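Those protein sequence lines, which keep their order, are chains A and B. Using our numbering, the first residue of the first sequence is number 18, and each one after it goes up by one. Using our numbering, the first residue of the second sequence is number 561, and each one after it goes up by one.
Don't read these hints as lab results, they were simulated from the structure. All values reported here derive from a predicted model rather than from experimental measurement. Honestly, I wouldn't trust all of these hints.
Derived PhoX-like pairs (lysine-lysine); straight-line CA-CA distance at most 20 Å [said to hold, decoys possible]:
1. B:Lys617 x B:Lys631
2. B:Lys617 x A:Lys116
3. A:Lys73 x A:Lys84
4. A:Lys59 x B:Lys631
5. A:Lys19 x A:Lys87
6. A:Lys19 x A:Lys116
Computed footprint of chain A on chain B; a stretch qualifies when at least three of its residues, placed anywhere within it, have a C-beta under 8 Å from a C-beta of chain A [what the hints assert, rightly or not]:
7. 596–610
8. 623–630
We put the beta carbon where it would ideally sit given N, CA and C, even for glycine.
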Amino acid sequence: QKEVEQDPGPLSVPEGAIVSLNCTYSNSAFQYFMWYRQYSRKGPELLMYTYSSGNKEDGRFTAQVDKSSKYISLFIRDSQPSDSATYLCAMKGRDNTDKLIFGTGTRLQVFP
Amino acid sequence: DTGVSQDPRHKITKRGQNVTFRCDPISEHNRLYWYRQTLGQGPEFLTYFQNEAQLEKSRLLSDRFSAERPKGSFSTLEIQRTEQGDSAMYLCASSLGTVENYGYTFGSGTRLTVV
Numbered sequence: 018q019k020e021v022e023q024d025p026g027p028l029s030v031p032e033g034a035i036v037s038l039n040c041t042y043s044n045s046a047f048q049y050f051m052w053y054r055q056y057s058r059k060g061p062e063l064l065m066y067t068y069s070s071g072n073k074e075d076g077r078f079t080a081q082v083d084k085s086s087k088y089i090s091l092f093i094r095d096s097q098p099s100d101s102a103t104y105l106c107a108m109k110g111r112d113n114t115d116k117l118i119f120g121t122g123t124r125l126q127v128f129p
Numbered sequence: 561d562t563g564v565s566q567d568p569r570h571k572i573t574k575r576g577q578n579v580t581f582r583c584d585p586i587s588e589h590n591r592l593y594w595y596r597q598t599l600g601q602g603p604e605f606l607t608y609f610q611n612e613a614q615l616e617k618s619r620l621l622s623d624r625f626s627a628e629r630p631k632g633s634f635s636t637l638e639i640q641r642t643e644q645g646d647s648a649m650y651l652c653a654s655s656l657g658t659v660e661n662y663g664y665t666f667g668s669g670t671r672l673t674v675v
């Protein structure tokens, strides 16, 4: 079993829809949770970062962490065709390492 | 500074050849990371540096792989005796500090195809 599980999609939604992207994880030591967006042929870019449990909002994006369920989510409101990309969750624990464990990514397509 | 720069963008090589990739991080970033990403997968950690010191290496980094960061600036990743299984996108990232405080800034990657 992978430490981080993520549905690969593709997820196809109409413009303006609310998108929900999710990851589950098995390592209860994970404390830092991030969402990266990756456009085709580009490197990932950091979208959202959350420490421990709770919600964080930034514009059209909301990140949620539920540590009791080992489940994290990214919501995109009023989705746009420019949001079409692969969304990767990533996480790490409070340890000496500086490496992130990534999910496989969910490919999102927003059609006009 | 335009971000993390990787060179080349694409590399096609024959099995058994050696290849070397270069990464130029954002100038004030003291941490530099290498990840590998295959099609349909998320990035997998290979190694990272703080300044010129290599602090951690993944088990994925077999003895055919070596990474250096002389003088704590640019970094190189060399793969010796390439195999078809080495075909992947090799991503470099840099950070001002620990990932939990600053996150990574990734480059656009070097796509390696071993034929």
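Right, here's what the structure says about each hint:
1. Restraint check: the Cα-Cα separation between B:Lys617 and B:Lys631 comes to about 19 Å, which is no more than 20 Å; the hinted pair holds.
2. In summary, the hint linking B:Lys617 to A:Lys116 is supported, as the alpha carbons are separated by about 10 Å, within the 20 Å threshold.
3. Distance restraint check for A:Lys73 and A:Lys84: the Cα-Cα separation of roughly 14 Å lies within the 20 Å cut-off, and the hinted pair is therefore satisfied.
4. Using a Cα cut-off of 20 Å, the hinted pair A:Lys59 and B:Lys631 is violated, with the two alpha carbons roughly 27 Å apart.
5. With a C-alpha separation of about 13 Å, the suggested pair A:Lys19 and A:Lys87 falls inside the 20 Å cut-off, and the hint holds.
6. In summary, the hint linking A:Lys19 to A:Lys116 is supported, as the alpha carbons are separated by about 16 Å, within the 20 Å threshold.
7. Residues of the segment 596–610 of chain B lying with their CB closer than 8 Å to a CB of chain A number 7, which satisfies the three-residue condition for coverage.
8. Counting residues of the segment 623–630 of chain B whose beta-carbon sits less than 8 Å from any beta-carbon of chain A gives 0, not enough to reach three: the coverage restraint is violated.
When each numbered hint is compared with the structure, violations occur for hints 4, 8.
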